[in-house]
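Enquirer: Add chain B to chain A, keeping to what the hints say.
Each chain, written out:
There are 2 protein chains.
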Amino acid sequence: MSMNQQCRLAHRPVGMPKSSDFLFTEEAIPTPKTGELLLKTRYISLDPAMRGWMNDAKSYLPPVGLGEVMRASTISEVVASENTAFAVGDFVFGSEGIQEYSVATGKGLMKVNPELASLPTYLGTLGMTGLTAYFGLLRIGLPKEGETIVVSGAAGAVGMIVGQIGKIKGCRVVGIAGEKEKCDYVVAELGFDACINYKTDNMHKALRQHCPQGIDIYFDNVGGEILDAVLTQINKSARIPLCGAISQYNGTEGTKGPSNYLSLLVNRARLEGFIILDYVPEFLPAIQEMAVWLSTGKLKTREQIVTGGVKEFLPALTMLFEGKNTGKLVLEV
Amino acid sequence: MSMNQQCRLAHRPVGMPKSSDFLFTEEAIPTPKTGELLLKTRYISLDPAMRGWMNDAKSYLPPVGLGEVMRASTISEVVASENTAFAVGDFVFGSEGIQEYSVATGKGLMKVNPELASLPTYLGTLGMTGLTAYFGLLRIGLPKEGETIVVSGAAGAVGMIVGQIGKIKGCRVVGIAGEKEKCDYVVAELGFDACINYKTDNMHKALRQHCPQGIDIYFDNVGGEILDAVLTQINKSARIPLCGAISQYNGTEGTKGPSNYLSLLVNRARLEGFIILDYVPEFLPAIQEMAVWLSTGKLKTREQIVTGGVKEFLPALTMLFEGKNTGKLVLEV
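Line by line, the protein sequences are chains A and B. What the first sequence shows, in our numbering, is residues 23 to 355, in sequence order. What the second sequence shows, in our numbering, is residues 23 to 355, in sequence order.
If we strip away everything but chain A, and leave its shape as in the complex, we get:
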């Protein structure tokens, strides 16, 4: 029987995480006690929030401790069970981290049905990133029919769903992404009205062109210069759900605040953060609604799978921060 390969946080990264920040260890595969399960990790979610968890800073979750297995959302298969609520062969969503095996009590695990959707989809559109898009747009963005939504990270796991829900709600949707292929994808495949390539287009000019009625909602996944550019073109009473700031997570000179934030004052606009864990009691109906949208073709999903297992964690995470992925980035174990 093989060992349990694990990736542990060895140092708190400065700037972009590098290989010396992590330690690969192997341990004997643990044995479940009464009431416990042995889980074999099948898919690991790569998320921008991981970068924050590596910092020693107060946040909505405690930091990953040095020497601990790196935190990650996972889809695992039950391979041994001493818990009557779970059977061998069940698949579960959990937070088992960057490792091949884990022992769990069952608390916090959710079973997923591989016949209704592919396993990686439960880490994306029918998982945390889909729920982030759903609650962030609908509860913080408060879209009204005919309004204009701009979403950055448009081809990413959250952005692609934000834009599609925006279209379902009757809005004009303009994406922002960093590659022509991504822009083409969200317009041609996902039905966005337009997509701006922030690496090649003049942001101010492109926003004016594609948002002739101004911007009512900006779903911000990136922060930085794009947030500042959008702030110059928001409408009165605009809402900016603050989902992330991937452009700032690996900076070594501290976070750059939005210089144009006084546009919020002039436009009576709102910049508001949210954390998906606050909506746990509403996850079930939200997932149901999105599952219906998926099954009726109103919503499309996409995952990009990196193979190679636990050892590929850092290259996969780097892909995410370099904006190389389209759709939800998942590591297959």
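Watch out, some of these pointers could steer you wrong.
A pair holds if it fits inside one copy or across any two, identical chains being indistinguishable in the list.
[As the list claims (entries may be wrong)] Calculated lysine to aspartate or glutamate pairs in the EDC-like style (CA-CA distance at most 20 Å, straight line):
#: 1; residue 1: K227; residue 2: E247
#: 2; residue 1: K278; residue 2: D250
#: 3; residue 1: K80; residue 2: D250
#: 4; residue 1: K258; residue 2: D300
#: 5; residue 1: K133; residue 2: E58
#: 6; residue 1: K189; residue 2: D206
#: 7; residue 1: K189; residue 2: E211
#: 8; residue 1: K129; residue 2: D43
#: 9; residue 1: K278; residue 2: E247
#: 10; residue 1: K346; residue 2: E137
#: 11; residue 1: K191; residue 2: E211
Derived by calculation from the structure, the hints in this document are not laboratory data.
Expert: Chain B only, in chain A's frame:
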């Protein structure tokens, strides 16, 4: 009969306004035509927003044109009337600018009663700054009994009212000001629970000391480093009414955005601008409520009067930006 002394915007200031940015002119006192009034300016309001009106930038009001009389809120006396709605001797609130006389149609003017409150109070607590405090705190800040409110510019025209309304609503109120005398004033005279001197105290330590339950509402008049310090200690679901950023208005290197804005995300908090002109239909009941608070001693007002007339506009405005005033700063004509 004397001439009409006026102060006009000559150049758009770079940084702090200086005397060469203004032009003092005199004209014959105009004569009202049928339906018009001749107004003699009695008090002129000094407001941080004036700095923004001097810039050639899109905002909630158009910029003051070069060569135009500088915009300002005013209390004037009707000295001649060809309009049956106004009698000689009436006092009116308006926006007649930095000049001694003006002709008006009556549109947008509001009569004020000098027997119910002193004339300068109608430019402050019973005028725009009082209304700014009232709607900003109650509609954007949404205070609940027992919550902690922090307000910067605590001894200024808006801040002093925010803090007192906070006390009326049963909150803990902590001010921030730049002089010991101001801090003593808001605590001893106005009933704030504490006041931090940002020039001499360690902001982070003082906020921790005086806000042991964290910060639920931060009423921001100043922006800059104080906003960043407060952001590190906000509570979950905190509200930050964005009223102004006086620390940034005269900068020559552009506005500094709040580096710690991602605290909004972690804390599901909200930074939201507002403009008092949006609440015009509700001004009357708000003024009534504040007048009752004033008459029953629940609310105290204070004005600081600069004498010397129109020629003293720039020194008075400089006092405001240097934080020399306590209470509402008003220029007597």
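Enquirer: Evaluate each hint against the coordinates.
Expert: Outcome of the hint check:
no., hint, result
1, K227 - E247, "within (14 Å within a copy, 32 Å between copies)"
2, K278 - D250, "both (10 Å within a copy, 12 Å between copies)"
3, K80 - D250, "between (26 Å within a copy, 16 Å between copies)"
4, K258 - D300, "between (28 Å within a copy, 11 Å between copies)"
5, K133 - E58, "within (15 Å within a copy, 77 Å between copies)"
6, K189 - D206, "within (17 Å within a copy, 56 Å between copies)"
7, K189 - E211, "within (13 Å within a copy, 56 Å between copies)"
8, K129 - D43, "neither (30 Å within a copy, 68 Å between copies)"
9, K278 - E247, "both (9 Å within a copy, 13 Å between copies)"
10, K346 - E137, "neither (29 Å within a copy, 71 Å between copies)"
11, K191 - E211, "within (18 Å within a copy, 53 Å between copies)"
Checked against the numbered hints given earlier, the structure breaks hints 8 and 10 and satisfies all the rest.
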